[in-house]
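A.B. asks: Residue numbers (the numbering used here), protein chains in the order written: chain A, 1 to 314; chain B, 1 to 655; chain C, 1 to 345.
One or more hints might be untrue.
To be verified - Computed footprint of chain C on chain B, listed as stretches where at least three residues anywhere in the stretch have a Cβ under 8 Å from a Cβ of chain C: (1) 328-334; (2) 584-595; (3) 626-637.
Unchecked claim - Only pairs whose alpha carbons sit at most 25 Å apart, straight line, appear in this in silico BS3-like list of lysine-lysine: (4) A:Lys197 - B:Lys65; (5) A:Lys285 - B:Lys493; (6) C:Lys283 - C:Lys259; (7) B:Lys231 - C:Lys279; (8) A:Lys122 - A:Lys233; (9) C:Lys335 - C:Lys279; (10) B:Lys178 - C:Lys241; (11) B:Lys337 - C:Lys19; (12) C:Lys279 - C:Lys302; (13) B:Lys178 - A:Lys285; (14) C:Lys11 - C:Lys30; (15) B:Lys569 - B:Lys650; (16) A:Lys260 - A:Lys98; (17) B:Lys178 - A:Lys197; (18) C:Lys241 - C:Lys259; (19) B:Lys343 - B:Lys330; (20) B:Lys388 - A:Lys122; (21) A:Lys98 - B:Lys65; (22) B:Lys232 - C:Lys241; (23) A:Lys196 - B:Lys330; (24) C:Lys19 - B:Lys172; (25) B:Lys178 - A:Lys196; (26) A:Lys285 - B:Lys231; (27) B:Lys172 - C:Lys100.
By construction, these hints were calculated from the structure, which means they are not laboratory data. Keep in mind the model is a prediction, meaning the values are calculated, not measured. Using N, Cα and C, we set each Cβ at its ideal position, and we do this for glycine too.
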Amino acid sequence: MKKLISLIAAGLMAIALPSKAFSSDSSDPIVIPLHNWSSQIVMSHAVGQIFESMGNNVEYVTTDSQAVYESVRLGDVTLELEVWEGAFGASFRAALEKGGLHDAGDHDAVTREDWWYPMWTKEACPGLPSWEALNDCAHLFTTAETGDKGRYLDGPVDWLKHGTERAEALGMNFVVINAGSAAALWAEIGAAEADKKPVVVFNWTPNFAEAVWPGEFVEFPAWEDGCDTDPTKGPNKEALYDCGNPAKGYLKKAAWDGMKDKWPNAYNTLTKISFTNPQIAMMAKMVDIDEMEPEDAAAAWLDANKSVWQGWTN
Amino acid sequence: MQSFETNKDDLIFGLSRSINVQILLAVAVILMATRPILPEAFIRLPDWAILSWDVWLSNFFNFVKDDLGLIYFTRTLTAGLENLLDVTGNLLFGKRRWPHLGPIPWTSIAAVAAVIGYWLGGWRMALLAGGTFVWTALIGQWKIAMQTMSVLAVAAPMAFFIGLFLGILAWKYDWFDKTIRPILSVLQTLPFFTYLLPAVIFFKVGPTAGAVATIVYAIPPMILMTTVGLKKVSPEIVEAGKMSGSSRWQMLRYVYIPAARTEILVGVNQVIMLCLAMVVLTAFIGMPGLGAKLLLMMNSFKLGRSFEIGITIVLLAIMLDRCTKVWVVKQPEHFEKETPWWKKNAFLLAGIGAFILFFLLAQFIQIADHITRKQDFSMGKEIDVLIKTFLDFDPIQATTTWLRWFLNVWVLIPFRNSLLWIPTPAFIILVTAFSLWLGGRRPAIYALIFFSIVALTGWWDRAVITLYTVLSAVILAMLIGIPMGISASRSEKWSNRILLVCDTAQTFPSFIYLIPAIMLFGVNDVAVVFSILIFSTVPLTRYTIEGLRTVPVEMTEAADMAGATRRQKLINVQLPLALPTMAVGFNQAIMFAFFMVIIAAFIGTQDLGQELQRTLAGTDLGKNFVLGICVSLMALTFDLAILKWAEDRKKALGL
Amino acid sequence: MTDQPPVISCKNVWKLFGKNPEKYLENMPKDHSYDAISADGYIAGVKDVSIEVNRGEMLVIMGLSGSGKSTLVRCFSRLHDITGGSIAVEGQDIMALSEKELIELRRSKMGMVFQSFGLLPHRTILDNVAFPLEMRGQDRHTRRERALEVIKLVGLEGREDYFPRELSGGQQQRVGIARSLAIEPDIWFLDEPFSALDPLIRREMQDEFLRLQDLLGKTIAFITHDFDEALRLADRIAIMKDGSIEQCDTPDRIVLDPKTEYVAKFTREVEKSKVVKAKALAKHSQNIENSGPSVPANSTIKELARFLMSDSRDAIPVVQNDGEKEMLLGGMDRKEALDILFGSD
């Protein structure tokens, strides 16, 4: 068995070579969670391979992207590489309050989640991306069950995107329907693609969809702090959620409190790690468009971008 | 359907069943007719009456978990389970754990599978068993398939042993049987989301929680089959054992269990099938493998590759199913005297030989060891194009658009609104009347209690929407499945073909149906109903075929000799006799619909499933459990009434 | 023959089925009929039976289905616990035995053959036959040796590696017989062993069985619903109805002198000359003419038909030949014998 041979070889090398500078890290595996979207998986593998190059053991577990914070808190998994402000901010903050995990710094990348349309929609409704123009085009988005109102497909209810509240606060002529999963959103766009039917759905960046279906976010009244808690913020003085989402949400890393002591070197690297939007999009593309396996994509990316990550490891 | 009024215990307050049904209906109608003037409390339960089960249950769970320290106990178990999973994980996909031997080359596994297949059922089984693994490797899913199998290899034996043990207890001790039966009924109707959350909380996220949820899910049929098998052992064999001077342990070990072999192996078959189904679904709580990959592919809109994974899962399921079924009926055969030992053990030797041969081969030829991404034969992109072209086909677009409009506007939305319009007490009374009419007193009492509990949890509207979806789908499924079954049952050949389609449709991972459903109908109730429909039609068709084909020949011959036309024969002879069996199919259709309606939350619904799905992301065990119980109670109401009817009817027909 | 104490001795044995039968039996009025018991919701499987089985004797228990014959035999081996009365096997009260002692008794003294064979389908013939030996913990080698011995005894040599379903019904029952003999039991129970077989095979197996019994001389309780079979095999026949024994006697006596109307129903159809043996008709008081040919005691009247027709004496001497010396049992009334032969009652 080749693996066996290489394992023995590795063992011999470990004995022969003077112990490495990173030897203070525990030999227990660092557990990295994987979720169900590509960029996160590739990024996790990339970081895992960086840790391995530092001599650490790494193991991956697939987990739910909301439940993972509870697991990080308990130390079942060691870290989380993509904490999206909009999607997971609430879960992250809740876990933070309970204790057991902490903020390990931001990526350069910014995130955005909002109402979005594929480019062909703009052809039917040229006034876009302004939200007023969208509202004027509401008739383009009508369906059998929504009657004469337009239909906006929001993310799953548990993502708490408050689409219904926003449509109401801004007096939009739209019915908000909640999809049950990300897959449902893509299926809806995919179905509309064939005959270029106008659609407006929930979407976010960075993700693979921008490479498959070029599109734009709808421009709502700009986000003001407190728009979700204070009715006086935003154009409608009597309603909450009358602004668009923050156009530049954070993308954080989170770490289990115990990581610092158990794997100090890896922890040190984790705090330095920072990816940018184009880098993340690149990784997602390698898997989603080029159909590479995530591990291979991570290895290829690390190979091509040594200058980016080698600085993080010392 | 007709009701039976001869039974003494059907009398309630001295009145016959049909009178009671009429009284209940009258009350319900009065409540509905007076709805505009009814006080609010009669239309929906007022908030103060709703019991906060979820909070109590959460407190209870937390108490058990933290104060009683159950979590420390389960976490210890987790460690043990993890060791087992590490071993299979290492062997099958090279997880870096003890014994550090794996991964076994795919060719070795495929070859051994082929040898086992040949031993069980000749060349056809060899082709199926070996071919499934070859397909898996060539399509580039070897590693994820082995991740799935590594959990299956631990979960199925554990479910088997636990089920066998509990089954023996239930057979031996009547009180245990009586206690465990209602629990099993609830477990079998509990939505799988309800298995998942406690598993994660008590057994750590990842493969261990997945394995635990899988084991719990697969145990009930094993218990039932064990009990059935042991009870069926012929009294003469038992007496022969006793007269041979067997002690109690010897009786169990050498007489009962071997004599109940057939039923126990049927149990094994069910355990494996349920494990496989669940192992895929546990992707939702982070089980790696085929399910997780499938979710990932669906989340990045790769229909083709999702489809390929679906095929792999179907192949694995059919292979495991067929192999275990052949194993059930395989009888031992003697060797002639003086057969040399290597001939007696030819299959064992061939298996070991093939394993070693390919193992060695794999050391030198990379492709025999593993297949890389570039070497595989995945046709994901091509299938994507195919599916999209198909959906883009104008007549299909036109049909689905029309269906979407018609069903939504004229059928589903009015039906749903009218169900929601019915005042809660009237609704409960209607369900009770239905159960009384169909099943008699006991099912009616259960219906009353169960639906009242649902009302008291405060999830009434969502429960009604769940029920509406289930009913719509099952009614539509009947319109499709029963005629299909009737026409297929006319010939042996077509029966077998349709049954194979049923098998395939049933083992295809349920959430793959969601994507085509959405693409055809968009995110709305039609898509939800459509995805359930596919799943519910299967048992209806299957049991219609089975019911019609098992009508005793003398009866159809008698009808022929009486000069009945095909139609007369069908209506007057075959259908009435097949009806009890068909009712079992109808019942299963409802159970499947309750199962699928929860998964349909991934399309987007406003029912209990959606709430359940939300609880998965958190730690709110109480709410998760309450929602699960609501689904389970509604399903059980139907289960009890329909099965009681089928049983009575069978007795009346002397079948 | 009856000097030794009986092997099995039943005294007023009751077996009732139903809820709490002991209590019911205690309070039940004596002489409660079978139907009266049924009306109370109980079934009298065995109703006040007293019977003995002597050493080396073949007792056939005959009755129609539901008459309680199987139940009675199962009480002998305590497959059923009796409700009232007592059963002693070799002087031991079997109801007083502990589970361990009972198992020991079955392991050392009892063998049983079943109507549908009761073979373990997953074991080879050899392993089936060796099963009782395995249960009592004999090592592999000795039990194999012994099993082969009995397999040979029942004429199944060469089939020991077969599985039960690969054999015919008659062969399967030979396996059942071999198994029951493996531990060399003193007491042999046979529960309708030949009822499931074809008539031709049944006849053959009966002959085979008689051969075995000649060889082994076991104490036997044999159940059948076939009166002809009972007549053919039995030393004594006990005829049962509704849980009670109607009559228990030698075949000749039953045929010649049925005690109840129920028994008479069976004997009426029987060709008596084929059953009644010369010894049953031999009487001491008769004036015996010592001169002239005698008839052997165990010949049936049918077998003596030609002789009876040609002989003219009123009384014919009947001689018992037990190997060495002949013993005169008495004289057989020729007229009585001819009546039996021609069936004039």
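A.B. asks: For each hint, tell me whether it holds in the structure or not.
C.D. replies: Hint check results:
no.: 1; hint: 328-334; result: holds (count 4)
no.: 2; hint: 584-595; result: violated (count 0)
no.: 3; hint: 626-637; result: violated (count 0)
no.: 4; hint: A:Lys197 - B:Lys65; result: violated, 52 Å
no.: 5; hint: A:Lys285 - B:Lys493; result: violated, 49 Å
no.: 6; hint: C:Lys283 - C:Lys259; result: holds, 21 Å
no.: 7; hint: B:Lys231 - C:Lys279; result: violated, 52 Å
no.: 8; hint: A:Lys122 - A:Lys233; result: violated, 30 Å
no.: 9; hint: C:Lys335 - C:Lys279; result: holds, 15 Å
no.: 10; hint: B:Lys178 - C:Lys241; result: violated, 39 Å
no.: 11; hint: B:Lys337 - C:Lys19; result: violated, 54 Å
no.: 12; hint: C:Lys279 - C:Lys302; result: holds, 13 Å
no.: 13; hint: B:Lys178 - A:Lys285; result: violated, 58 Å
no.: 14; hint: C:Lys11 - C:Lys30; result: holds, 16 Å
no.: 15; hint: B:Lys569 - B:Lys650; result: holds, 19 Å
no.: 16; hint: A:Lys260 - A:Lys98; result: holds, 18 Å
no.: 17; hint: B:Lys178 - A:Lys197; result: violated, 59 Å
no.: 18; hint: C:Lys241 - C:Lys259; result: holds, 13 Å
no.: 19; hint: B:Lys343 - B:Lys330; result: holds, 19 Å
no.: 20; hint: B:Lys388 - A:Lys122; result: holds, 22 Å
no.: 21; hint: A:Lys98 - B:Lys65; result: holds, 17 Å
no.: 22; hint: B:Lys232 - C:Lys241; result: violated, 30 Å
no.: 23; hint: A:Lys196 - B:Lys330; result: violated, 58 Å
no.: 24; hint: C:Lys19 - B:Lys172; result: holds, 19 Å
no.: 25; hint: B:Lys178 - A:Lys196; result: violated, 61 Å
no.: 26; hint: A:Lys285 - B:Lys231; result: violated, 60 Å
no.: 27; hint: B:Lys172 - C:Lys100; result: holds, 20 Å
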